[in-house]
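Assemble the complex: chain A is given as a structure, and chain B must be docked to it using the hints.
Protein chains in written order, with the numbering used here: chain A, 1 to 232; chain B, 1 to 271.
Calculated from the structure, these hints are not laboratory results.
Hints may contain errors.
[To be verified] Result set (EDC-like, lysine to aspartate or glutamate): computed pairs, CA atoms no more than 20 angstroms apart in a straight line:
#1 Lys73/A <-> Glu267/B
#2 Lys73/A <-> Glu123/A
#3 Lys270/B <-> Glu123/A
#4 Lys102/A <-> Glu114/A
#5 Lys65/A <-> Glu267/B
#6 Lys161/B <-> Glu217/A
#7 Lys159/A <-> Glu217/A
#8 Lys65/A <-> Asp118/A
#9 Lys102/A <-> Asp118/A
#10 Lys66/A <-> Glu159/B
#11 Lys93/B <-> Glu159/B
#12 Lys93/B <-> Glu55/A
#13 Lys201/A <-> Glu217/A
#14 Lys164/A <-> Glu106/A
#15 Lys270/B <-> Asp74/A
#16 Lys73/A <-> Glu159/B
#17 Lys161/B <-> Glu106/A
#18 Lys161/B <-> Glu48/A
[Claimed, not checked] Residues of chain A placed beyond 12 angstroms of chain B at every Cβ, according to the derived structure:
#19 Met1
#20 Lys6
#21 Val231
We put the beta carbon where it would ideally sit given N, CA and C, even for glycine.
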Amino acid sequence: MIIEFKNVSKVFQEGAGDNLVDVSFSIERGEFVSFVGASGSGKTTVMELLVGATEKTKGEIIRPKKTIMVFQKDSLLPWLSVLENVTLVLLNEKISDAEKIKIAREKLALLQIEKLADKYPHELSGGQTQRVSIARALAVDPEVLILDEPFSALDEKTKEELHKDILKTWKEHSLTIIMISHQIEEVVLLSQRAFAMSAKKISAEIEIPFAYPRNIEDELFMKKIVEIRRVL
Amino acid sequence: MKQPYFFNKKESYLPAVQIPARFRFYFTVAVPAMIILATLGVLRIVGELPMLDYREADIHTAVVATLATLARLMIAYVLAIVVAIPLALVAEKSNAKRFLLPIYDIAQSIPILIFFPFVALAFVKLGFSEGAAIFILFVAMLWKLVFSIIFGLNSLPNEIKQTAQMYNITGVNYLTKILIPAIIPQLTIGSIFAFADGWNFVIVAEVLHAYLPNGVVANDLFGVGSTMVSAASAGNETLFMYSLIAVVSMIIVLNLSIWQKLLSYAERFKF
Numbered sequence: 001m002i003i004e005f006k007n008v009s010k011v012f013q014e015g016a017g018d019n020l021v022d023v024s025f026s027i028e029r030g031e032f033v034s035f036v037g038a039s040g041s042g043k044t045t046v047m048e049l050l051v052g053a054t055e056k057t058k059g060e061i062i063r064p065k066k067t068i069m070v071f072q073k074d075s076l077l078p079w080l081s082v083l084e085n086v087t088l089v090l091l092n093e094k095i096s097d098a099e100k101i102k103i104a105r106e107k108l109a110l111l112q113i114e115k116l117a118d119k120y121p122h123e124l125s126g127g128q129t130q131r132v133s134i135a136r137a138l139a140v141d142p143e144v145l146i147l148d149e150p151f152s153a154l155d156e157k158t159k160e161e162l163h164k165d166i167l168k169t170w171k172e173h174s175l176t177i178i179m180i181s182h183q184i185e186e187v188v189l190l191s192q193r194a195f196a197m198s199a200k201k202i203s204a205e206i207e208i209p210f211a212y213p214r215n216i217e218d219e220l221f222m223k224k225i226v227e228i229r230r231v232l
Numbered sequence: 001m002k003q004p005y006f007f008n009k010k011e012s013y014l015p016a017v018q019i020p021a022r023f024r025f026y027f028t029v030a031v032p033a034m035i036i037l038a039t040l041g042v043l044r045i046v047g048e049l050p051m052l053d054y055r056e057a058d059i060h061t062a063v064v065a066t067l068a069t070l071a072r073l074m075i076a077y078v079l080a081i082v083v084a085i086p087l088a089l090v091a092e093k094s095n096a097k098r099f100l101l102p103i104y105d106i107a108q109s110i111p112i113l114i115f116f117p118f119v120a121l122a123f124v125k126l127g128f129s130e131g132a133a134i135f136i137l138f139v140a141m142l143w144k145l146v147f148s149i150i151f152g153l154n155s156l157p158n159e160i161k162q163t164a165q166m167y168n169i170t171g172v173n174y175l176t177k178i179l180i181p182a183i184i185p186q187l188t189i190g191s192i193f194a195f196a197d198g199w200n201f202v203i204v205a206e207v208l209h210a211y212l213p214n215g216v217v218a219n220d221l222f223g224v225g226s227t228m229v230s231a232a233s234a235g236n237e238t239l240f241m242y243s244l245i246a247v248v249s250m251i252i253v254l255n256l257s258i259w260q261k262l263l264s265y266a267e268r269f270k271f
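Pulled out of the complex, with its shape left as it was, chain A reads as follows (with noise of 0.2 angstroms):
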């Protein structure tokens, strides 16, 4: 087990009704799982009580130390090039500054955006932004990568290609994912379990036992989707 979060509760503040309440689930080292809820189901402060930008009132949290979060948006910084923005999250790594460059060009490389090393964040779109923000995590060599739906503001067609970019990623890195997501058909296509978030709570945790690639048009998918959709 990689994570696991018992009877874990947030309060922001008391009787209020967006306090997180006596949350439990684990995960396994290398399992894809997704959080799916409606906004404000309280998906997100699980996950910044994942990677400790916020603190637990009570409970028992364990996670690795290398745990890491791609946001929707506004992660890069505007000022530095996207090898820039990678190299950065190494400046503390004991290796040489030819060895940064080499492992941030790697990463870029494998998500298949070496050609953008010298662009600008404001000349990247949509898509070409979260490859350089999941590039970055990886240099890092994270645990666990947490993404925040990733994939929200993306074309149907550029959405198709990060899932296979982000599917390939899991596999060759032996990953754990966790990813945040509203849309409960992106949440079938790719992750192995979902935990459904309803009233700052987990209501349902459900299996996804399809083997990859998925067929979004296949009866269980859809039966899938049905189920998900009940529990939220």
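Then chain B, alone, in the frame of chain A:
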């Protein structure tokens, strides 16, 4: 192969001076050299000025007076920037924010000119009346800059703060690679407003000082303000008009050659 600038030891680690090629010579050599030379030159000229006869003074006096005023503004601005950045960074720390921001807010709302007589007397006693004007200007500019920087820091997206935390970008790296570049757009806008306020204050200060004490014309705060008021009282309308044209021209030149270019450069630091 192009390397990230922060690995290139020949260049600064400060992203703020990682200037695009087309701006590089301009901002790193031409403008600072022009400002330093002008400041040193003008202070030297002013230091050796005899008591002027404003009935006969000409365009040369108007130009030197405008440069003297600009030199005062530049010195006060540099001092204000040096103090404003740490003040804003300290106030941005969550545990200090609660009590420092109200203090700053009260401090900035006190009209600075009420201190002028005390400050002027104190500096005159020390034999450094120039210091009074620079001090008043410094305080007038300081709060504009502090609040601009705080606004810039507040507009830093949460995702960036969380990204820095996740990747352990802390301390000097966080300051130089993230915070300082992030405040450049607001700092530029704050600087424009601070400088505009500075022109108002310095001219008023020079005018007031020219008539201190008891209507005796003083020449130790020589600038465009004192020249205009002395020209008017000496009946030299030509010098008055030259001074007015000189100060307006100087403001236009500064705006076109520095502030507009800085605004354009600051675009790349916007989220």
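Evaluation of the provided hints:
1. Lys73/A <-> Glu267/B: Between Lys73/A and Glu267/B the Cα gap is close to 19 angstroms, so the pair holds against 20 angstroms.
2. Lys73/A <-> Glu123/A: holds, 15 angstroms
3. Lys270/B <-> Glu123/A: Holds - the C-alpha atoms of Glu123/A and Lys270/B are around 14 angstroms apart, at most 20 angstroms.
4. Lys102/A <-> Glu114/A: Satisfied, since the Cα-Cα distance of roughly 11 angstroms is no more than 20 angstroms.
5. Lys65/A <-> Glu267/B: violated, 36 angstroms
6. Lys161/B <-> Glu217/A: violated, 41 angstroms
7. Lys159/A <-> Glu217/A: holds, 17 angstroms
8. Lys65/A <-> Asp118/A: violated, 31 angstroms
9. Lys102/A <-> Asp118/A: Given pair Lys102/A, Asp118/A holds - Cα atoms ~14 angstroms apart, limit 20 angstroms.
10. Lys66/A <-> Glu159/B: holds, 17 angstroms
11. Lys93/B <-> Glu159/B: holds, 17 angstroms
12. Lys93/B <-> Glu55/A: holds, 18 angstroms
13. Lys201/A <-> Glu217/A: Not OK: Lys201/A and Glu217/A at ~31 angstroms, beyond 20 angstroms, violated.
14. Lys164/A <-> Glu106/A: Satisfied, since the Cα-Cα distance of roughly 18 angstroms is no more than 20 angstroms.
15. Lys270/B <-> Asp74/A: holds, 11 angstroms
16. Lys73/A <-> Glu159/B: holds, 8 angstroms
17. Lys161/B <-> Glu106/A: violated, 26 angstroms
18. Lys161/B <-> Glu48/A: holds, 12 angstroms
19. Met1: holds, 22 angstroms
20. Lys6: holds, 23 angstroms
21. Val231: For Val231/A, whose nearest Cβ neighbour in chain B is about 30 angstroms away, the distance exceeds 12 angstroms, so it holds.
In summary, the numbered hints that this structure violates are 5, 6, 8, 13, 17.
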